[in-house]
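There are 2 protein chains.
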Amino acid sequence: EGEALDALARSSSYLSGRGETKEFNAHDVIEECDELLRTIFFAVVRETAGDKFLGQLKSVYEASEKFGSSHDPKDFDAMQAMLETMEVDESLQFASAYSNLLNLHNISEQVANAMEERHRRLDDIPRGPAKTTNGAIKGLLRAGKSTEEIYSALAVQHVDLVLTAHPTQALRRSMLKSFGIIREKLLQLQRFRLSRYERAEVLDEIRSKVASAWRTDEIRRTPPKPQDEMRAGLTYFQQTIWDGIPTFMRRVDTSLLANGCPRLPLDRSIVTFGSWMGGDRDGNPYVTASCTRDVVLLARVQGVNLLFRAIQRLIFDLSMWRCNDAVKALAKDILENSETDNFTIFEERKKRNYDDFWKAIPEHEPYRVILAELRDKLYNTREALQRCIADNDVNIDMNDETIIRSKDELFAPLVVCYESLIEVGDAQIANAYLLDVIRQVQCFGLGLVKLDIRQESDRHAEALDAVTRYIGLGSYLEWSEEQKIEFLTRELESKRPLLPSDLECSDDVREVLDTCKMIAHLQQTCPGALGTYVISMATSASDVLAVVLLQRECGCRKQDLLRVAPLFERLDDLNDAPRVLRQLFSVKWYHDHIAGFQEVMIGYSDSGKDAGRMAAAWALYDGQERVVAAGKEFDVALTLFHGRGGTVGRGGGPAHIAMLSQPPGTVNGSIRVTVQGEVIETDFGEKENCFHTLDLYTASVLEHTLKPPAHPRDEWRRVMDRMSEYSCAHYRKTVFETPDFVGYFAQATPGAELGSLNIGSRPAKRKPSAGVTALRAIPWIFAWTQSRFHLPVWLGISTSFRRLIDEGELETLRDMYKSWPFFEVTIDLVEMVLAKADPVVVAYYERALVDPKLHDFGASLRGELQESIDCILAVSEHIGLLAKPEKVEANEAVQVHKKLAHKLHKRSLYITPLNVCQVRYLIAARALENEEDGDKLSMQKVKITLLEGYPFQDYNYKGAVNDVLKITMKGIAAGMQNTG
Amino acid sequence: EGEALDALARSSSYLSGRGETKEFNAHDVIEECDELLRTIFFAVVRETAGDKFLGQLKSVYEASEKFGSSHDPKDFDAMQAMLETMEVDESLQFASAYSNLLNLHNISEQVANAMEERHRRLDDIPRGPAKTTNGAIKGLLRAGKSTEEIYSALAVQHVDLVLTAHPTQALRRSMLKSFGIIREKLLQLQRFRLSRYERAEVLDEIRSKVASAWRTDEIRRTPPKPQDEMRAGLTYFQQTIWDGIPTFMRRVDTSLLANGCPRLPLDRSIVTFGSWMGGDRDGNPYVTASCTRDVVLLARVQGVNLLFRAIQRLIFDLSMWRCNDAVKALAKDILENSETDNFTIFEERKKRNYDDFWKAIPEHEPYRVILAELRDKLYNTREALQRCIADNDVNIDMNDETIIRSKDELFAPLVVCYESLIEVGDAQIANAYLLDVIRQVQCFGLGLVKLDIRQESDRHAEALDAVTRYIGLGSYLEWSEEQKIEFLTRELESKRPLLPSDLECSDDVREVLDTCKMIAHLQQTCPGALGTYVISMATSASDVLAVVLLQRECGCRKQDLLRVAPLFERLDDLNDAPRVLRQLFSVKWYHDHIAGFQEVMIGYSDSGKDAGRMAAAWALYDGQERVVAAGKEFDVALTLFHGRGGTVGRGGGPAHIAMLSQPPGTVNGSIRVTVQGEVIETDFGEKENCFHTLDLYTASVLEHTLKPPAHPRDEWRRVMDRMSEYSCAHYRKTVFETPDFVGYFAQATPGAELGSLNIGSRPAKRKPSAGVTALRAIPWIFAWTQSRFHLPVWLGISTSFRRLIDEGELETLRDMYKSWPFFEVTIDLVEMVLAKADPVVVAYYERALVDPKLHDFGASLRGELQESIDCILAVSEHIGLLAKPEKVEANEAVQVHKKLAHKLHKRSLYITPLNVCQVRYLIAARALENEEDGDKLSMQKVKITLLEGYPFQDYNYKGAVNDVLKITMKGIAAGMQNTG
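Each protein sequence line maps, in turn, to chains A and B.
Quick note: the first sequence uses our numbering, first residue 3, plus one each step.
Quick note: the second sequence uses our numbering, first residue 3, plus one each step.
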């Protein structure tokens with residue numbers, strides 16, 4: 003049936019390997035990719051699982067399709083009936099099949115996005131509102147900004163993307179890899195002309211990857227270590243980011259030059275990367291001081307490897323002899339004091355097995371002399387780092403001049419070469435690969451990313467408490483905030499040591515101190531490896547001062563102290579932030595120490611959990627303004643560090659919108675943003691998307707800095723204040739004060755079953771206690787997503803909007819939506835999530851899982867959902883969810899609307915059956931749990947035909963039920979990813 | 003002027019980055035590439051050397067163009083006059099500019115070839131006579147062969163491509179690299195749709211590479227070491243061959259499957275690679291025993307690196323748990339006796355800094371368990387090899403089970419995995435990347451290539467002589483052949499050692515013995531690293547026996563003895579070869595030892611030097627038949643090892659033709675062929691060409707084996723006998739017996755100046771003595787190519803053909819041309835070279851360099867040239883050189899003719915000025931040499947404006963003259979490369 007596949011590809015308009023044309027239609031691309039992947043998948047399924055199972059798959063699909071178009075409950079029941087007939091091992095396989103289909107569908111969408119992006123750049127289709135740096139520059143020029151203004155803003159702006167391991171990073175690496183290759187091959191089918199054989203082989207390879215994804219056990223059996231997460235994160239640098247940065251920078255240069263500006267300056271990078279993997283110890287006991295050390299060294303080895311290859315290639319390139327005096331002097335200097343004679347140089351390099359240039363480089367190739375020495379130093383650096391990794395007692399020797407000890411030891415010689423080439427008239431060559439390497443050195447330094455350290459504020463207070471009690475100053479924890487600040491200030495100003503070397507304390511405190519000692523150590527032996535110390539759950543100024551003091555007491559020299567960023571997570575802390583910052587800045591020692599720069603992190607996810615999204619969104623908007631204002635009072639420039647939750651929004655991609663929704667004056671040229679787990683894959687997994695991501699952030703920051711959005715009108719603020727007050731009150735009343743809620747949550751969602759999913763190295767529960775408060779933000783949102791209820795997003799909207807409308811604010815609200823980007827974004831994001839909510843599925847979860855006593859509570863919640871939709875539509879004046887009447891000519895409006903609805907509709911054809919499947923096994927799992935003779939049934943061996951030979955001998959019914967649940971959770975999660 | 007460049011690319015039909023279309027015209031592609039590269043080059047020249055010089059370049063170009071179309075001596079003189087006005091430093095720059103223009107032109111041709119090849123595979127243009135394996139299979143099926151026949155022939159056939167360092171491998175690696183990138187970018191411009199920015203950046207990069215090629219000192223200042231040559235050779239494996247082989251094998255499989263045949267067998271490879279780099283010590287004193295060791299170890303490190311990466315990727319792929327019992331057992335066995343606990347595994351792998359999978363792999367991933375162990379073993383092998391490279395006393399420990407000691411230790415586990423995947427129904431996955439890796443392991447083993455050892459026969463005789471004299475058996479050199487054979491046979495049969503441990507001997511003999519000891523050593527510690535021992539200048543059976551004996555006496559175990567291949571280089575040795583082989587095979591010990599297989603190498607280049615091409619070509623054809631026949635008498639299957647001279651022939655590429663011109667029955671399924679220096683770049687430098695090369699050889703061998711060409715008729719043999727007798731007699735009379743010839747050669751060509759060109763690690767002269775016999779074949783042919791006379795190719799044709807035509811054999815000759823491929827090929831090759839001969843230039847060299855006494859001798863030689871052309875045209879019935887009236891419809895004939903002539907014409911526009919330039923400085927160089935106060939002029943400092951700052955302080959007039967000569971030689975050589 004290779005033929006049928008070939009015929010299918012040949013007859014398709016995009017996947018036939020006839021090379022790409024001008025016209026492009028994302029909808030058709032998705033259709034054709036879907037059809038191809040589905041055909042392949044079914045062929046694989048038939049071959050491995052047999053026709054009977056394939057039939058079941060298809061009939062459920064048709065049933066789901068019928069229900070999708072008729073919305074008739076009878077069709078729903080027909081579909082449900084089909085699924086009831088499956089044995090547990092068929093369900094297992096069914097769930098796995100649909101989860102694969104969803105992943106394959108996601109690939110189709112990613113492919114369509116990548117292609118749409120390409121066609122935009124080829125001007126085949128008009129680009130929407132300006133979303134590239136180039137576009138931003140043009141837009142600003144049109145807006146009357148001069149090129150100097152634009153250049154000087156762009157030249158100093160800074161976007162720092164912080165990669166974090168997201169606990170639900172669900173797909174195993176090998177499956178991610180297979181899907182990556184499938185994506186790559188689909189792109190090849192569209193872009194290149196292929197001969198019959200090439201096309202056959204491409205289709206073959208897609209097939210074998212679909213097969214291996216299907217045949218791999220997609221449940222991760224052992225939790226990953228932080229080092230594993232780090233390794234995973236680093237592969238993105240190898241694959242896309244390392245080369246993506248210079249390509250992007252070159253593009254920015256091109257558009258600057260096109261507008262008569264010079265290139266971006268060499269001595270800084272407008273984009274850098276940070277990481278939390280192996281640094282974030284908040285609630286992750288595996289992230290220890292030695293783990294942090296491993297992670298730093300590993301990133302460094304990786305970085306040095308990439309630099310080594312870059313320098314090696316430069317040696318080839320810079321074979322010319324013309325140079326200026328600086329290069330001549332440097333080359334002479336190197337040749338003079340390399341006291342080894344040529345023979346040993348030859349032998350030495352032979353040993354190192356360099357690609358080339360073993361012979362000592364003659365002085366009439368001055369650039370090579372310089373670069374060969376950099377190569378030797380990088381080689382030695384790598385060896386030195388390896389030794390450090392191999393033995394915890396070995397450390398980098400900072401007096402060793404045969405290694406590269408800091409970024410600058412690499413940067414300076416390269417710039418000398420660069421300026422020399424320009425001076426002798428080889429600007430052409432200077433601005434070729436050499437410039438790329440300089441950009442890479444500037445952006446990535448020696449270690450690719452700067453690692454942030456994150457820890458909870460309590461841990462520092464406990465550490466100081468252990469110290470003050472030990473030396474008899476009393477108990478730090480019992481002091482008032484003033485006493486703490488007064489004490490911390492006094493200690494920071496005095497040169498007297500505080501930390502006794504024979505302190506007795508708990509292991510937790512020991513770990514906090516070891517981390518600070520490790521920070522002191524890494525700051526000296528691996529300069530530039532660490533970024534910011536983030537304090538989660540920060541509530542007061544002493545939280546910050548405590549960390550500064552702890553660092554110093556553990557051996558940090560003044561110039562090695564990490565800047566400390568408080569993370570205000572809960573709403574109340576957020577509202578209190580300005581006061582805390584004022585208190586902090588009025589500590590003279592600290593005000594001088596930070597020299598006018600303070601970084602503040604504002605959390606998204608947690609605050610949504612405790613006040614509902616609207617209140618959280620407004621609190622964040624308002625909070626940012628007030629903290630920036632607080633900083634300005636002490637003329638401290640604030641850099642806001644955004645820990646962003648979900649990923650790409652509707653239409654133009656999130657960052658842009660997210661940026662627009664920043665209050666004016668809170669960006670001014672520099673922001674730090676976290677990029678969570680699976681967003682890393684979509685934003686950086688593929689070259690085009692990587693480019694697009696960098697382009698987007700840079701453009702948005704540039705615009706927001708030079709053309710900040712207008713300030714909202716005061717009456718809009720008052721409306722927002724009242725709105726968040728109403729919604730927050732209603733949210734908390736429902737979630738924290740309504741007794742039925744806990745029961746409803748525990749029954750209507752798989753929240754309770756989440757813990758056992760071992761996704762990510764971080765345990766799901768904070769300190770274990772029942773109830774909602776104990777749940778972390780991510781599992782909380784994750785649970786509601788499973789039943790497609792998304793309650794945390796909209797709860798409180800209906801009551802607050804209703805009251806405002808009753809108070810005659812409808813026009814104001816509409817006005818706010820039309821002309822206040824922040825409000826527009828917030829509403830759109832809510833609308834987008836509402837579009838994904840499926841009341842039918844929610845009702846089904848209720849019917850099947852919630853005991854009748856709570857049914858009317860559930861009904862009222864579903865009522866509020868409907869209410870919220872109406873309010874959102876009323877305010878946004880959309881004729882339907884996601885149906886925005888654009889400034890359009892006639893015919894275009896209709897198909898935009900269908901496009902989106904169509905996309906969601908496509909997905910839920912796969913998701914709904916998974917929901918049904920999940921409900922069924924939630925019932926089974928819970929039945930097992932509260933049956934006092936549970937073990938009789940749960941332990942009896944199930945003969946699972948498709949799994950015989952599986953190396954897990956003790957596979958029983960309970961295990962099977964668990965696995966079905968895990969897979970449905972992953973599938974639904976994969977399905978709920980935001981749309982492209 | 004970036005714009006102008008962009009505009010130019012945009013307006014071109016192939017280079018505008020609009021993606022590729024169906025229609026393709028090689029001529030236009032070359033035109034457009036030429037124009038683009040030339041525009042870029044001129045822009046670079048203007049920027050760096052100024053307008054004045056650019057003007058000179060262009061005016062010489064126009065003058066050369068005028069002369070090219072008018073052939074009017076006055077135009078020639080006008081051009082010559084322009085060149086006379088240049089100072090030596092302008093000439094230096096001029097020569098360098100034209101040499102660059104030629105290299106750029108060559109790139110255009112390579113690009114056109116690569117694209118033409120692509121369009122053929124896309125069926126855009128009809129493929130000429132079948133030239134792919136796929137085509138060959140179809141052809142054979144049409145010819146009535148059954149699929150079983152084809153499969154069983156293909157499955158056992160063997161093509162061994164032996165890479166040798168060609169002494170004139172003139173371009174420095176870095177320039178080769180730059181040109182490689184230019185080639186790549188031109189292909190991108192044609193194949194892909196590029197946005198305005200992408201196109202701008204591609205053009206930018208072409209520009210910077212053109213600039214860096216231009217700005218690099220293209221004269222290699224220090225001769226390369228054999229290890230350098232080896233490194234250079236190995237890079238082709240990294241870049242194209244490593245991935246090229248599985249792609250090619252997959253393609254062969256696809257066409258076999260398409261014809262209902264199974265895949266090629268796993269346990270052998272139809273293509274393998276050999277190398278002489280670092281093994282060929284014939285006339286190269288730098289190739290010592292330790293050099294051979296280095297080269298073997300280096301290739302192994304390289305191979306192990308590539309295998310390591312392949313296995314690493316396989317670990318990702320084979321994540322599934324289903325397997326058969328063999329895999330289960332193997333995985334269990336590995337897990338059981340890996341006595342290290344998980345923690346150390348984790349730590350150990352962390353130390354090794356593997357990409358992933360540090361944790362011990364659980365047994366439910368059985369393939370990964372197996373592959374992870376292979377990975378560890380490969381890692382250890384690499385470390386072990388590094389230690390051997392670093393310290394000559396350290397060797398591979400063959401009892402060390404933690405390393406991979408032979409290819410099979412890698413191959414066997416992979417096949418187990420392969421069969422297991424197929425058994426459990428994952429054939430799809432088995433035949434994906436895993437199959438590729440198995441192919442690579444089979445083809446490349448651990449060391450990528452098998453190194454041949456080559457040494458002159460005399461050296462072995464001297465070595466044995468030193469031994470026999472030392473132990474008082476008399477002097478081996480003074481024995482007759484019978485005595486030698488009788489002695490060697492007796493020693494081979496006896497177990498008594500012959501080599502005394504305290505032998506006194508010369509260093510040369512010492513080196514021969516050290517090499518044999520090294521062979522013994524490498525055969526044990528690096529199995530599969532060595533190939534054949536080639537004896538150059540072989541003349542007798544004792545030459546072969548001597549090498550076998552020397553190997554054994556130096557410690558080779560019977561199963562480690564390298565097979566010995568005699569190389570019959572001179573015509574007389576060639577004719578005597580069958581007798582020698584009979585004598586050899588009648589030695590019982592040897593006949594049993596070779597177990598029915600003998601390899602014989604037949605040399606091309608040298609024999610042409612001593613008898614002229616026609617006699618050489620015929621002697622080779624005839625010789626092959628008779629040696630194969632001699633083998634058959636003793637039922638010994640011969641494998642002929644072809645040391646091929648020049649590269650790709652006309653039209654369909656050489657191998658095919660070369661193959662056709664093999665006598666029937668001399669191929670039968672296996673051949674070894676050398677691939678010389680710069681042919682490696684064109685045949686393997688680029689992915690398409692690499693694929694095309696493998697495809698070509700396989701197809702030709704397949705056809706020649708299953709559909710051998712017809713035997714020539716006897717009267718054709720007699721005609722050939724008389725022809726080679728006449729031409730050989732005339733050739734030797736002119737070259738070796740005409741006293742004027744030596745003078746003429748020394749004056750009319752730069753033969754004498756060649757020595758100083760340090761091209762290649764091998765010194766140009768054999769033992770230094772005056773005259774032609776001392777010259778090696780390559781410098782000999784190289785010298786005549788410079789003045790575009792190509793005398794060694796045609797000398798003797800005119801007299802021999804004339805006599806045959808006078809004897810009324812014209813019709814026979816025409817008949818032979820039409821229906822005897824061998825004769826057709828030989829004539830076409832001569833014709834092709836004649837088309838490159840330029841009598842005007844030759845006359846000019848004569849006029850300017852040869853003293854008048856020899857003018858009429860020169861005139862007679864040029865007369866013979868013209869005669870030869872007429873004879874060739876008479877026999878081939880072409881209306882003009884290279885104008886073959888194909889079986890054509892009307893309009894096609896005309897443009898084929900113009901195409902070729904046009905190509906040559908394009909080149910000579912650049913070459914002729916270089917000739918003029920060369921003549922001028924040959925006069926200067928010779929004037930310096932025989933002027934008794936030479937040093938006054940030659941030493942005076944020339945102020946060379948364009949070179950100030952050059953780090954060679956002592957740069958004087960003589961040096962400048964030399965450099966001009968070196969560059970013109972390289973340029974003309976680059977121009978004379980065979981056409982595409």
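One should not assume that every hint holds.
Pairs involving identical chains hold if they fit within one copy or between any two copies, as the list cannot separate such chains.
Here are the simulated lysine-lysine pairs, DSS-like style, with alpha carbons at most 27 Å apart [to be verified]:
{"no.": "1", "residue 1": "Lys689", "residue 2": "Lys187"}
{"no.": "2", "residue 1": "Lys179", "residue 2": "Lys330"}
{"no.": "3", "residue 1": "Lys147", "residue 2": "Lys54"}
{"no.": "4", "residue 1": "Lys140", "residue 2": "Lys838"}
{"no.": "5", "residue 1": "Lys54", "residue 2": "Lys838"}
{"no.": "6", "residue 1": "Lys140", "residue 2": "Lys497"}
{"no.": "7", "residue 1": "Lys486", "residue 2": "Lys330"}
No lab work stands behind these hints, which were simulated from the structure alone.
If you're wondering where the values come from, they're calculated on a predicted model, not measured in any experiment.
How the hints compare with the structure:
no. : hint               : in the structure
1   : Lys689 with Lys187 : both (14 Å within a copy, 19 Å between copies)
2   : Lys179 with Lys330 : between (47 Å within a copy, 25 Å between copies)
3   : Lys147 with Lys54  : neither (67 Å within a copy, 43 Å between copies)
4   : Lys140 with Lys838 : neither (36 Å within a copy, 56 Å between copies)
5   : Lys54 with Lys838  : neither (32 Å within a copy, 71 Å between copies)
6   : Lys140 with Lys497 : neither (55 Å within a copy, 89 Å between copies)
7   : Lys486 with Lys330 : neither (59 Å within a copy, 63 Å between copies)
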